[in-house]
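A.B. asks: Sequence:
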Amino acid sequence: MKKTFIFLLMVSMIFAFAGCGGNSSTGDNNGAGGNTTSQGAANNDQKSNQNDVQTTASIVDNEAAFKDAISNKGTWIIATLKDLTFNEDLVLDGTFTNGKKDDNGNDIVQRKIALYTQDENRNVTNRFTLKAPKLTINSPMASIQHGTFVGDLYVSQDNFQLVDAKIDGNVYFTTDSAKSTFKMDAASSVTGKQELKKQ
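Numbering (the working numbering), first residue to last: 400 to 598.
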């Protein structure tokens, strides 16, 4: 009975993901920015002009699955179900679209690390912590939402966002444009410094 309930919950959330991708500059539709993320499955591949992309979510509960999901073969949403800890540097890589079109009919580029779960009303129910010595953002239009990253964050792409998220460490921007287009909302924080550090 319990397995049946979990299966039905996973199926219902797949449909939630499919219907809530958007082009909001802040992210969630629940007031904090972005797209719904809680449970789901990564199983729909689409071709963009340059990249293989998946427009559903990767729901991960272990370090190996998270590493696969943030790679250039992963998905546009990476949603965690627990705290994750790495002893190695991580890279969010690849260009992905969220399955939606802008007003001109172009695919909307977006990438999201979702460190939380939410209920059917999009209320955040759990927040998680991701720990790594270093996380590099190489995906355009990326964000970290509703959780905590412990380590140093290196931002190499424009328009990176923190949405109700905490960085317990430093944020280094590797280009002038990455620094000038960085955004974080009032609910987000960075404990360390934010500075340009060209590589």
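What the hints contain is simulated information worked out from the structure, not anything from laboratory work.
Hints may be right or wrong, so weigh each one.
[As the list claims (entries may be wrong)] Ranges between beta-carbon positions, derived for each pair:
hint	residue 1	residue 2	range
1	528	584	14 to 20 Å
2	525	470	23 to 29 Å
3	576	462	16 to 22 Å
4	588	532	17 to 23 Å
5	463	575	18 to 24 Å
6	504	597	32 to 38 Å
7	524	595	35 to 41 Å
8	580	488	21 to 27 Å
9	524	462	28 to 34 Å
10	522	576	16 to 22 Å
11	504	470	26 to 32 Å
12	595	539	17 to 23 Å
[As the list claims (entries may be wrong)] No farther apart than 20 Å at their CA atoms in a straight line, the calculated lysine to aspartate or glutamate pairs in the EDC-like style are these:
hint	residue 1	residue 2
13	499	487
14	530	492
15	466	482
16	481	519
17	533	519
18	582	551
19	578	492
20	596	488
21	481	575
22	533	492
23	533	506
24	472	460
25	500	488
26	466	502
27	592	567
28	466	551
29	472	506
30	533	482
31	481	460
32	533	501
33	530	506
34	481	462
35	530	460
36	472	462
37	466	501
38	481	501
39	472	575
40	578	567
We put the beta carbon where it would ideally sit given N, CA and C, even for glycine.
A.B. asks: Now look at each hint and say whether the structure bears it out.
C.D. replies: Tested hints:
Remark: the range hint 14 to 20 Å for residue 528 to residue 584 is upheld by a beta-carbon distance near 19 Å. In this structure, residue 525 and residue 470 meet the distance hint of 23 to 29 Å, their C-beta atoms being roughly 25 Å apart. At roughly 32 Å, the beta-carbon separation of residue 576 and residue 462 lies outside the given 16 to 22 Å, and the hint is violated. Between residue 588 and residue 532 the CB atoms are about 20 Å apart, so this pair conforms to the stated range of 17 to 23 Å.
Roughly 36 Å separates the CB atoms of residue 463 and residue 575, a value that falls outside the hinted 18 to 24 Å. Between residue 504 and residue 597 the CB atoms are about 36 Å apart, so this pair conforms to the stated range of 32 to 38 Å. Under the hint 35 to 41 Å, the C-beta atoms of residue 524 and residue 595, about 37 Å apart, fit the expected range. Taken as a hint, the range 21 to 27 Å holds for the pair residue 580 and residue 488, whose Cβ atoms sit roughly 23 Å apart.
Here the CB-CB span from residue 524 to residue 462 is close to 22 Å, at odds with the stated 28 to 34 Å. Restraint check, residue 522 to residue 576: a C-beta distance of roughly 35 Å breaks the suggested window 16 to 22 Å. Between residue 504 and residue 470 the CB atoms are about 29 Å apart, so this pair conforms to the stated range of 26 to 32 Å. A beta carbon spacing of about 19 Å between residue 595 and residue 539 agrees with the range 17 to 23 Å that was offered as a hint.
Of the supplied pair hints, the one linking residue 499 and residue 487 is violated, its CA atoms being roughly 34 Å apart against a limit of 20 Å. For a cut-off of 20 Å, the pair hint linking residue 530 to residue 492 stands: about 18 Å separates their Cα positions. Our distance criterion of 20 Å between C-alpha atoms is met by residue 466 and residue 482, whose separation comes to about 14 Å. Note on residue 481 and residue 519: the hinted pairing holds, with a Cα-Cα distance of about 19 Å set against a maximum of 20 Å.
As the CA atoms of residue 533 and residue 519 are separated by approximately 33 Å, the hinted pair breaks the 20 Å bound. Between residue 582 and residue 551 the alpha-carbon distance is near 17 Å, which keeps this suggested pair within the 20 Å criterion. For the given pair, residue 578 sits about 18 Å from residue 492 by alpha-carbon distance, which is consistent with the 20 Å threshold. Only pairs whose Cα atoms come within 20 Å are accepted, and residue 596 paired with residue 488 is accepted, the gap being roughly 17 Å.
With a C-alpha separation of about 34 Å, the suggested pairing of residue 481 with residue 575 is violated against the 20 Å cut-off. Of the pairs offered as hints, the one joining residue 533 and residue 492 holds, with about 14 Å between alpha carbons and a cut-off of 20 Å not exceeded. This hinted pair does not check out: residue 533 and residue 506 have alpha carbons roughly 30 Å apart, beyond 20 Å. Under the criterion of a C-alpha separation no larger than 20 Å, the hint pairing residue 472 with residue 460 is consistent with the structure, at around 18 Å.
Proposed proximity of residue 500 and residue 488 is contradicted: the alpha carbons are some 33 Å apart, above 20 Å. Taken as a hint, the residue 466 and residue 502 pair is broken in the structure, with Cα atoms around 33 Å apart against an allowance of 20 Å. Of the pairs offered as hints, the one joining residue 592 and residue 567 holds, with about 10 Å between alpha carbons and a cut-off of 20 Å not exceeded. Straight-line distance between C-alpha atoms of residue 466 and residue 551 comes to about 17 Å, which keeps the hinted pair within the 20 Å bound.
Between residue 472 and residue 506, the direct Cα distance comes to roughly 18 Å. Compliance with the 20 Å bound is thereby established for this hinted pair. The straight-line distance between the Cα atoms of residue 533 and residue 482 is roughly 16 Å, inside the 20 Å bound, and the hint therefore holds. Between residue 481 and residue 460, the direct Cα distance comes to roughly 6 Å. Compliance with the 20 Å bound is thereby established for this hinted pair. Distance hint between residue 533 and residue 501 is unfulfilled; the C-alpha atoms sit about 33 Å from each other, more than 20 Å.
For the hint pairing residue 530 with residue 506, the CA-to-CA distance comes to about 32 Å; that exceeds 20 Å, so the pair is violated. Annotation: proposed proximity of residue 481 to residue 462 holds, straight-line Cα distance about 10 Å (limit 20 Å). Distance hint between residue 530 and residue 460 is fulfilled; the C-alpha atoms sit about 14 Å from each other, no more than 20 Å. Annotation: proposed proximity of residue 472 to residue 462 holds, straight-line Cα distance about 16 Å (limit 20 Å).
A threshold of 20 Å between alpha carbons decides the hint, and for residue 466 with residue 501 the separation of about 29 Å lies outside it, so the pair is violated. For the hint pairing residue 481 with residue 501, the CA-to-CA distance comes to about 33 Å; that exceeds 20 Å, so the pair is violated. A threshold of 20 Å between alpha carbons decides the hint, and for residue 472 with residue 575 the separation of about 28 Å lies outside it, so the pair is violated. Only pairs whose Cα atoms come within 20 Å are accepted, and residue 578 paired with residue 567 is accepted, the gap being roughly 18 Å.
In summary, the structure is inconsistent with hints 3, 5, 9, 10, 13, 17, 21, 23, 25, 26, 32, 33, 37, 38 and 39 from the numbered list given earlier, while agreeing with the others.
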